[in-house]
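Protein chains: 2
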Amino acid sequence: MNNQLIVKMVLDRWHAQLKNFNDTLERLTDDQLLLEVSPGRNRGIYLLGHLTAVHDAMIPLLDLGDLMYPDLAAPFLTSADKTVDNLPSAGELRKAWYHVNNELNAKIESLRENWFEKHTAVSDEDFAGEPHRNKLNIMLTRTTHLAYHLGQVRLLGRN
Amino acid sequence: MNNQLIVKMVLDRWHAQLKNFNDTLERLTDDQLLLEVSPGRNRGIYLLGHLTAVHDAMIPLLDLGDLMYPDLAAPFLTSADKTVDNLPSAGELRKAWYHVNNELNAKIESLRENWFEKHTAVSDEDFAGEPHRNKLNIMLTRTTHLAYHLGQVRLLGRN
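Protein sequence lines correspond, in order, to chains A and B. Numbered per this note's numbering, the first sequence spans residues 1 to 159. Numbered per this note's numbering, the second sequence spans residues 1 to 159.
One thing to keep in mind: the hints can contain errors.
Keeping only pairs whose Cα atoms sit at most 20 angstroms apart, straight-line, the calculated PhoX-like set for lysine-lysine is [claimed, not checked]:
#: 1; chain 1: B; residue 1: Lys-118; chain 2: A; residue 2: Lys-8
#: 2; chain 1: B; residue 1: Lys-8; chain 2: A; residue 2: Lys-118
#: 3; chain 1: B; residue 1: Lys-95; chain 2: B; residue 2: Lys-107
In short, the hints are calculated from the structure, not lab data.
Produce the complete structure using the sequences and hints provided.
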């Protein structure tokens, strides 16, 4: 099995989930994003900010540069929904979402030969014994993370 | 990159999502499974039956044997929720869920060397030009499918 085919299989899943999320996002109004996905649960806007922050964090994790939106970590990674005042607006988060994913997708194009190197959150020592903790594995885990929350955001509106 | 490592990366995701789903399922009562994941949406019991039928279908797709629960296809694959009378009970579906996944997981152990062969829903001709349509790709797509619905089932109860 050649590496190029494996990388394609994994990236195809990533891009498919991103496309499904974007299709859903485009069908939702800003008002719908302010609703909870189920009573008492996270709001759409929180999940949008959360996914944006998680995808932004993939850039340094894949050693492809710095965070684009470091200010999203506090409200959307380390805080729960409805505990933070003055969140960015739905419009601002939509912009950040597309901005982050477009940059990330452009940057990963350059990784063709380096997908099986370690990511930046694992030490050389640990990587020697755990070679699955490579950059391609980041794409696998973030793809299931995206699918998980997509299932929730899809509950908003009547798509 | 050796094939064994790639297979481990993909199967680790599969098993992690299955474990998360099982943990969630064990925290939910049968009564909670009868609730909709969000108002007007699918009920937990439907999603449990749906995932059981989809995972059952992986057995013939991976050329590992016959369907174990062919009767689940009509209510949970080709019908929407709340359109079919006399669904199996939550208890019956829980049993079928574990039965199917245990069998499937035992069977895929035998696939060590054959993950990159074509699955049974693609022809030899198509596979020649689309070698990513292999058995390992089935695991990738079903893992994101499971994550998608896990995100929804997790909305039930107050876990």
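Outcome of the hint check:
A distance of roughly 16 angstroms separates the Cα atoms of B/Lys-118 and A/Lys-8; the hinted pair therefore holds under the 20 angstroms criterion. In summary, the hint linking B/Lys-8 to A/Lys-118 is supported, as the alpha carbons are separated by about 16 angstroms, within the 20 angstroms threshold. Note on B/Lys-95 and B/Lys-107: the hinted pairing holds, with a Cα-Cα distance of about 18 angstroms set against a maximum of 20 angstroms.
Against the hints set out earlier in the document, no violation occurs for any number.
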